[in-house]
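Top line first, the protein sequences correspond to chains A and B.
So that you can map any letter, position 166 of the first sequence is 166 in my numbering, and since no number is skipped, the others follow by simple counting.
So that you can map any letter, position 81 of the second sequence is 81 in my numbering, and since no number is skipped, the others follow by simple counting.
Just to be clear, a hint being listed does not mean it is correct.
As a list, the in silico DSS-like pairs of lysine-lysine whose alpha-carbon atoms are at most 27 Å apart [said to hold, decoys possible]:
1. A:Lys178 x B:Lys41
2. B:Lys157 x A:Lys174
3. B:Lys157 x B:Lys212
4. A:Lys85 x A:Lys201
Just so you know, these hints were derived from the structure itself, not from any lab.
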Amino acid sequence: MISFVDTCGAFPTFEAERFGQSEAIATCLTKMAALTVPIVTVVLGEGGSGGALAIAMGNVIGMMEHAYYSVISPEGAASILGRYKNEKEKKENFTRDCHKLAKMQKIFAKDLLKLDIIDVVLSEVEGSEAQTQAQQSINDFLVRSLASLSLEKNLVSHRYRRFRKIGTFETLTKEQLKLRLNNVVDVPNKREKKAEVEIPKEILFAIDKTLNSETSCYCKGRGKGKIR
Amino acid sequence: MTGPPKKKMTELFTNIASQDHLEFAFGDSSYANQLAISTSKSKQVCAVSVFLFPTHLLVEHNFVFMGGSLGCAEGEKICLAFELAISKSLGIIVVSKTGGARMQEGTSSLMQMAKISVAVNALRQSHLPFVSILTDPTFGGVPASYAMQGDVRIVIKGARVGFAGPQVILTTIYKNDQDAYDLEQPSDFQRSSYLLACGQVDMEVADVQQAKSLAVEICELVCAKSSLSPPPPPPPPPSSYIIPKSDFDFTRSRQITRFQTQDAFTTLFTSFHELSGDGRISADVCLKGGLASFHGTPCIIMGTMKGHTVGELEAHNHGMPSPHGYRFATRLFEVSERSRASLLEDEKFNTSHY
Chain A
1 MISFVDTCGA
11 FPTFEAERFG
21 QSEAIATCLT
31 KMAALTVPIV
41 TVVLGEGGSG
51 GALAIAMGNV
61 IGMMEHAYYS
71 VISPEGAASI
81 LGRYKNEKEK
91 KENFTRDCHK
101 LAKMQKIFAK
111 DLLKLDIIDV
121 VLSEVEGSEA
131 QTQAQQSIND
141 FLVRSLASLS
151 LEKNLVSHRY
161 RRFRKIGTFE
171 TLTKEQLKLR
181 LNNVVDVPNK
191 REKKAEVEIP
201 KEILFAIDKT
211 LNSETSCYCK
221 GRGKGKIR
Chain B
1 MTGPPKKKMT
11 ELFTNIASQD
21 HLEFAFGDSS
31 YANQLAISTS
41 KSKQVCAVSV
51 FLFPTHLLVE
61 HNFVFMGGSL
71 GCAEGEKICL
81 AFELAISKSL
91 GIIVVSKTGG
101 ARMQEGTSSL
111 MQMAKISVAV
121 NALRQSHLPF
131 VSILTDPTFG
141 GVPASYAMQG
151 DVRIVIKGAR
161 VGFAGPQVIL
171 TTIYKNDQDA
181 YDLEQPSDFQ
191 RSSYLLACGQ
201 VDMEVADVQQ
211 AKSLAVEICE
221 LVCAKSSLSP
231 PPPPPPPPSS
241 YIIPKSDFDF
251 TRSRQITRFQ
261 TQDAFTTLFT
271 SFHELSGDGR
281 ISADVCLKGG
291 LASFHGTPCI
301 IMGTMKGHTV
311 GELEAHNHGM
321 PSPHGYRFAT
331 RLFEVSERSR
341 ASLLEDEKFN
351 TSHY
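Bound-form chain A, shown alone (with noise of 0.2 Å):
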């Protein structure tokens, strides 16, 4: 089994929710988990995410040098954690923020092999020779990780310890629990952080008459608006 994951991400949408988009990736997970024949993944583009994990746990994966492989698209990780105020203020940064999230994440494939995520980096080139260079690492790759995967007896408990492996945390002994259980933080308040949007007093005024005066129509079936 070959597979080459070059997506963006499952697609988000009602009708992909409506037919049950994350049973259909995590019953790939277990079923690729299973399979007793050899997987050979190769990320060519992008990797985004559960809809590219979802037919890549190959017992070994090769990846493009210039293809990147991540728990969510950079412009999907701006949109979470960039916490824009405004449309402004987003055009201003999201470019930016996206390329400063990317490497911040540690999604590229020379990252990823140290963090035994993939197997292999294939060396890309540009210009005119990038296509057929491609074409003979990718066939390489192919043919060489084929060959090695032939002399496993058990391809299914080979995928476990690949995947089983993966991973970074710490092991606290009794003491260090301890510590970092009591270690007091400051928490911050969330409400603090809230924009301060400075509103012109004409404009206060006039929002106020609308929703408050006597013959506003707010005032008698919503109750009284309010101005913060």
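On the provided structure of chain A, position chain B as indicated by the hints.
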């Protein structure tokens, strides 16, 4: 099941802690700082806790710690829980409450989905049950892996569960146009009732406590050993078996008063837990089934429903299943695999309570 007296639960793997291995910082907060805050607020060093009970293992998400998200420490803990379940021949219950994979740990956190999936597969190969309880909210990488990989999926009434959350759909597909979004959003979108109607979960219960006790019942039922041995001698054929000389009339087979599947379900079996849905698109109204006990032996029962009244017949589509019904049946075939180990390895199970 008549098990040993229930012992108090033990929390396990408490020394595994989340670590900021990428030195991630963005905007005005660093991941290291967020971890310190989460630890201080939750009195935990990781977003999941594992508890050992005499008959099962329980994994619970802690939402206060980094929104219950899945990082490397969580992945390791969950894998250890699955491995312990395998070595002790116990069922496992996972209660999810999470925003998904943890962005601050980069691709390593995505890989935890793969890591846990290989562990889920190992549990399946050991023929042990896994019950997933989905609470409010369960989104992203967690339902896209283990939360939807349970043999039985129980959702809490009113919970929101999905892959892409409303915010992601609004930004990605509707370019932040709230009106266009509101116009097209299905009613009850990603709520428990919606999931049930779409056949993505087996059952809906009122609260987590009820879900847990139901899950424990299911685990114990599946792990119960067979008590049907040796097979009883076949009973003498009752008189009704004797073929009557009168003419056959095939319409008799359709008589509304006949003994039907639902009668068999209710009269022949005990501890019936109905499962539902093909896991993907829909639930069938005709082909039904679930886990049950037959004279103390765990089994899967399934069958096509009809009815004794016109209304019942209508409700079961006159005994005709849809493709969703058959997909549901294949799911049940898979679940039936779970109980084999305890049937074959009775001794191992009995000695494994510690």
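Taking the hints in turn, this is what the structure says about them:
The hinted pair formed by Lys178 of chain A and Lys41 of chain B meets the criterion: a straight-line CA distance of about 15 Å does not exceed 27 Å. A C-alpha spacing of about 39 Å is found between Lys157 of chain B and Lys174 of chain A, which places the hinted pair above 27 Å, so the restraint is violated. Among the hinted pairs, Lys157 of chain B with Lys212 of chain B is consistent with the structure: their alpha-carbon atoms are about 14 Å apart, no more than 27 Å. Between the alpha carbons of Lys85 of chain A and Lys201 of chain A the distance comes to roughly 21 Å, so the proposed pair stays at or under 27 Å and holds.
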